[in-house]
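Start from the sequences, fold in the hints, and give me the full structure.
Number of protein chains: 2
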Amino acid sequence: MLSKKTKYGLKALVYIAKQADNGPVLISDISEKETIPKKFLEAILLDLKKFGILGSKKGKGGGYYLLKDPKEITMATLIRVLDGPIAMLPCVSLNFYERCEDCPNEELCSLHHFMAQVRDNTLNLLQQKSLYDLTLL
Amino acid sequence: MLSKKTKYGLKALVYIAKQADNGPVLISDISEKETIPKKFLEAILLDLKKFGILGSKKGKGGGYYLLKDPKEITMATLIRVLDGPIAMLPCVSLNFYERCEDCPNEELCSLHHFMAQVRDNTLNLLQQKSLYDLTLL
DNA sequence: CATTACTCTATAAAATCTATAGAGTAATAG
DNA sequence: CTATTACTCTATAGATTTTATAGAGTAATG
Numbered sequence: 022m023l024s025k026k027t028k029y030g031l032k033a034l035v036y037i038a039k040q041a042d043n044g045p046v047l048i049s050d051i052s053e054k055e056t057i058p059k060k061f062l063e064a065i066l067l068d069l070k071k072f073g074i075l076g077s078k079k080g081k082g083g084g085y086y087l088l089k090d091p092k093e094i095t096m097a098t099l100i101r102v103l104d105g106p107i108a109m110l111p112c113v114s115l116n117f118y119e120r121c122e123d124c125p126n127e128e129l130c131s132l133h134h135f136m137a138q139v140r141d142n143t144l145n146l147l148q149q150k151s152l153y154d155l156t157l158l
Numbered sequence: 022m023l024s025k026k027t028k029y030g031l032k033a034l035v036y037i038a039k040q041a042d043n044g045p046v047l048i049s050d051i052s053e054k055e056t057i058p059k060k061f062l063e064a065i066l067l068d069l070k071k072f073g074i075l076g077s078k079k080g081k082g083g084g085y086y087l088l089k090d091p092k093e094i095t096m097a098t099l100i101r102v103l104d105g106p107i108a109m110l111p112c113v114s115l116n117f118y119e120r121c122e123d124c125p126n127e128e129l130c131s132l133h134h135f136m137a138q139v140r141d142n143t144l145n146l147l148q149q150k151s152l153y154d155l156t157l158l
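Chains as they are written, first to last, in the working numbering: chain A, 22 to 158; chain B, 22 to 158.
The hints are simulated quantities; they were obtained by calculation from the structure and are not laboratory data. Any given hint could turn out to be false.
No more than 20 Å apart at the CA atoms, straight line, and that leaves these computed lysine to any residue pairs for SDA-like [what the hints assert, rightly or not]: (1) B:Lys-59 to B:Ser-77; (2) A:Lys-79 to A:Asp-42; (3) B:Lys-26 to A:Asp-42; (4) B:Lys-89 to B:Ser-77; (5) B:Lys-25 to A:Lys-79; (6) B:Lys-59 to A:Cys-124.
Listed below in structure tokens is the structure:
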């Protein structure tokens, strides 16, 4: 399951994407409309900024805005930034690989290959879909 | 990511499936061969028994054994029993549905439909694969 | 230069995951 | 019938992650 952080982050991004025409969006605005704890949201948006998804502007007329076209931002990227690995096991993660301490031989592990298959399956969908697709609904 | 409990559980099931011809399998045997903390494994196997996946026999010559043909046990079932929901959000879970407290209208939620699609995509694969498939590797 | 709004650090409650200990009970062999 | 084997059950507890909250600070705008 996705963490609340991820869910909040995605909802916030959709909100910002939809408001793109009206300039930067306020944290407090998103917080109220999407029922997300403000301080928590603040940290999430900061994270998204750190990873180059969002930009921000301070002072009057400030707020957060997207740095790229929503069509260029894949769901795979967003879930990785917000939630972490997409793979079900660390040993089949492409971006967060980690060896399993148990498991003497990865190639002979019964789970390894199967989980790699699951990963590919999920990734295939998540890379096809973008933030733009979420704004259509 | 799957919990260690799930990983341990799956490895144990594969081990038991492979040993099916030699009668019930000992906890301590699985624990040693698969490098799984014995007491932790004990709890996991008990869980699997509770859900009708495993049976057990006490005393000499006892141990755990599968109650069904490995081909009849889908990976979807196992992950649900061991790890919980397959869906990425509670509101799109078929077996563990829960309404999101935020989110006034599920039908209008931008995440809801997309996450349902992800769920179907994953489920499709997990229901095709069985414990038997894992024993082949 | 006052206001607005993001930034940064610290903190902490709550939940979940991982693991361990030990007494208890059922089954079997001999 | 009894010793041994092996699962059962309850309790507990450390570690980690998740979900938040508070408040002082800083940059930009008009």
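### Query
So which of the earlier hints does this model not fit?
Numbers 3 and 5, in rising order.
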